[in-house]
Amino acid sequence: MKFSYFPGCTDHSTSYEYGRSTEAVFRALGGELVEIEDWNCCGAAATHSINRLLSLCLPARNISKAQSAQVGPLVVPCAGCFNMLKRTEYALKNDEAKRKEIEEIVGFRYDPSFEILALMDLIVNRIGTEKVRERVKRSLKGLKPACYYGCALVRHPKITQLDDPENPQYLDRLMKALGAEPIEWSYKVDCCGADLALTYGNVVKKLVGRIVSMAKEAGAQCIVTSCGLCQANLEMRQEVDLPIFYFTELMGVAFDVEGRDQWWKKHMISPKRLLESLGLA
Amino acid sequence: MESVVETVKTGTSFLEEAKRRSGEDLSLCYQCLKCTAGCPTAPFMDVRPNNLIRMIQMGRKEEVLGSSAIWLCVSCETCGTRCPNKIDIGVLMDALREMAIEEGIPAKERNIHLLHEAFVQSIKRGGRVHEATMLIDYKLRSRDFLTDLIPGMMLFLKGKIPLFPSFIKGREEIKRIFEKCEKK
Ligand code: SF4
Ligand code: SF4
Chain V
1 MKFSYFPGCT
11 DHSTSYEYGR
21 STEAVFRALG
31 GELVEIEDWN
41 CCGAAATHSI
51 NRLLSLCLPA
61 RNISKAQSAQ
71 VGPLVVPCAG
81 CFNMLKRTEY
91 ALKNDEAKRK
101 EIEEIVGFRY
111 DPSFEILALM
121 DLIVNRIGTE
131 KVRERVKRSL
141 KGLKPACYYG
151 CALVRHPKIT
161 QLDDPENPQY
171 LDRLMKALGA
181 EPIEWSYKVD
191 CCGADLALTY
201 GNVVKKLVGR
211 IVSMAKEAGA
221 QCIVTSCGLC
231 QANLEMRQEV
241 DLPIFYFTEL
251 MGVAFDVEGR
261 DQWWKKHMIS
271 PKRLLESLGL
281 A
Chain D
1 MESVVETVKT
11 GTSFLEEAKR
21 RSGEDLSLCY
31 QCLKCTAGCP
41 TAPFMDVRPN
51 NLIRMIQMGR
61 KEEVLGSSAI
71 WLCVSCETCG
81 TRCPNKIDIG
91 VLMDALREMA
101 IEEGIPAKER
111 NIHLLHEAFV
121 QSIKRGGRVH
131 EATMLIDYKL
141 RSRDFLTDLI
151 PGMMLFLKGK
161 IPLFPSFIKG
171 REEIKRIFEK
181 CEKK
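These protein sequence lines are chains V and D, in that order.
Counting in the working numbering, the first sequence runs from 1 upward without gaps.
Counting in the working numbering, the second sequence runs from 1 upward without gaps.
Keep in mind the hints are simulated off the structure, nothing from the lab.
Nothing here was measured: the structure is a model prediction, and the numbers come from that model.
Every residue, glycine too, gets a C-beta built ideally from N, C-alpha and C.
Any given hint could be a false lead.
With beta-carbon atoms standing in for the labels, derived distance ranges [unchecked claim]:
(1) Glu35(V) / Glu62(D): 46 to 54 Å
(2) Arg176(D) / Arg273(V): 31 to 39 Å
(3) Glu96(V) / Arg176(D): 42 to 50 Å
(4) Ile269(V) / Arg110(D): 28 to 36 Å
Derived lysine to aspartate or glutamate pairs resembling EDC-like cross-links, with alpha carbons at most 20 Å apart [claimed, not checked]:
(5) Lys124(D) / Glu37(V)
(6) Lys180(D) / Glu166(V)
(7) Lys180(D) / Glu32(V)
(8) Lys98(V) / Asp137(D)
(9) Lys124(D) / Glu173(D)
(10) Lys175(D) / Glu103(V)
(11) Lys98(V) / Glu182(D)
(12) Lys131(V) / Asp38(V)
(13) Lys86(D) / Asp95(V)
(14) Lys2(V) / Asp38(V)
(15) Lys34(D) / Glu166(V)
(16) Lys19(D) / Asp111(V)
(17) Lys183(D) / Asp38(V)
(18) Lys158(V) / Glu131(D)
(19) Lys141(V) / Asp164(V)
(20) Lys266(V) / Asp25(D)
(21) Lys175(D) / Asp144(D)
(22) Lys169(D) / Glu179(D)
(23) Lys158(V) / Asp95(V)
Covered by chain V, per the in silico footprint, the following chain D stretches (three or more residues, Cβ under 8 Å) [claimed, not checked]:
(24) 33–46
(25) 52–65
(26) 101–108
(27) 115–121
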């Protein structure tokens with residue numbers, strides 16, 4: 001079970017704990033992640049706001065490198081990076097003139113059979129929740145997370161082709177496989193405000209405030225996410241102290257993998273008290 | 001009478017241009033407001049997404065390209081996912097920003113544009129984004145030194161913002177890609 005792997009720029013900065021927990025969990029599942037050699041930034045939303053062609057070509061260089069490495073499908077943990085890579089894939093598959101233009105600029109030939117997968121999709125649907133359940137050493141019984149999908153995983157559905165865009169279930173199914181009891185709520189695909197955090201902190205505060213308070217009102221003890229930017233926004237712009245996990249971190253708790261204290265140290269809102277109260281520290 | 005013909009004419013050409021660049025069929029909009037109802041940043045925009053479409057149909061180019069709306073859109077794609085006529089305003093917004101930049105219309109939300117510039121320049125320098133230098137670059141461009149200091153400091157103290165950038169080997173390749181894309 002070998003996969004090509006795109007960590008993304010925040011892997012060594014704001015989502016350090018996402019990267020480490022991804023690697024640990026993947027090892028526990030018996031898989032191997034091979035980092036794309038000399039990968040570059042996916043471009044994020046900033047790039048397509050300024051130069052649309054560039055926003056297709058930056059991810060294409062990564063696709064080109066992953067494709068020629070011939071390790072297997074490309075796996076992307078961060079929902080934001082995944083979205084950018086899929087936008088390029090969509091153009092490569094559906095717009096012949098664009099494909100030729102991108103191929104010429106980046107210098108490669110696109111192989112339409114090459115697959116790009118979100119880590120969550122890979123775990124829930126390829127590896128499967130059954131295999132996940134078998135690997136659980138300590139059930140997350142009693143833990144009530146709100147599963148937050150945000151924008152990038154599920155929208156636009158013609159591009160991401162992942163789950164139901166209004167009421168997605170992948171993450172909920174994964175949490176149930178770990179023994180947790182995800183709550184029902186209606187803000188799972190609402191936007192957190194993304195990079196407006198840096199220019200319009202008050203707007204993001206409002207959007208995040210609503211998401212977090214709705215999760216709390218619905219009885220959640222924490223929120224689970226798969227996006228570096230969502231995690232940072234939810235954790236830093238809220239006022240109620242609800243812990244915000246990456247889904248791989250909760251998998252790591254259930255699988256009882258090593259090194260978890262290093263992840264918790266990176267959190268602005270420590271999840272330790274919550275985990276201790278459930279005997280999961 | 002002449003002025004009416006004139007208005008219709010300019011109206012049509014801006015509409016056609018916006019359609020061509022975005023690839024979205026903006027004539028299909030029947031003002032159901034579904035886009036605006038779900039848009040997270042609509043309450044902060046000067047023109048709401050559904051009104052923006054109407055204004056494009058009417059050819060009000062300066063107002064559209066000079067609006068705060070085109071910069072406050074965060075590309076969340078809620079509108080595009082829900083529109084009964086499959087109009088993707090998120091994609092349209094990219095095209096409108098591009099037109100505004102080309103025409104030299106100053107961004108009404110200057111700081112948002114400057115942040116995007118700083119981000120993209122950071123990729124151009126090293127192939128990957130380096131938060132610390134990107135943010136300093138943004139602060140220098142915007143001269144807005146006080147906003148958002150606390151969250152930045154929190155990240156720094158958690159050791160989440162490395163001081164030194166990590167450059168990739170293929171910087172020349174990246175430079176070439178940039179040059180080709182900037183020429184077009
Ligand atoms: S959802 Fe579509 S049809 Fe309805 S107002 Fe918005 S753009 Fe027009
Ligand atoms: S893509 Fe832009 S316009 Fe559409 S809902 Fe999201 S923020 Fe609003």
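Hint check against the structure, violated hint numbers in rising order: Hint check: 2, 3, 6, 7, 8, 12, 16, 17, 18, 19, 20, 21, 25 and 26 fail, others pass.
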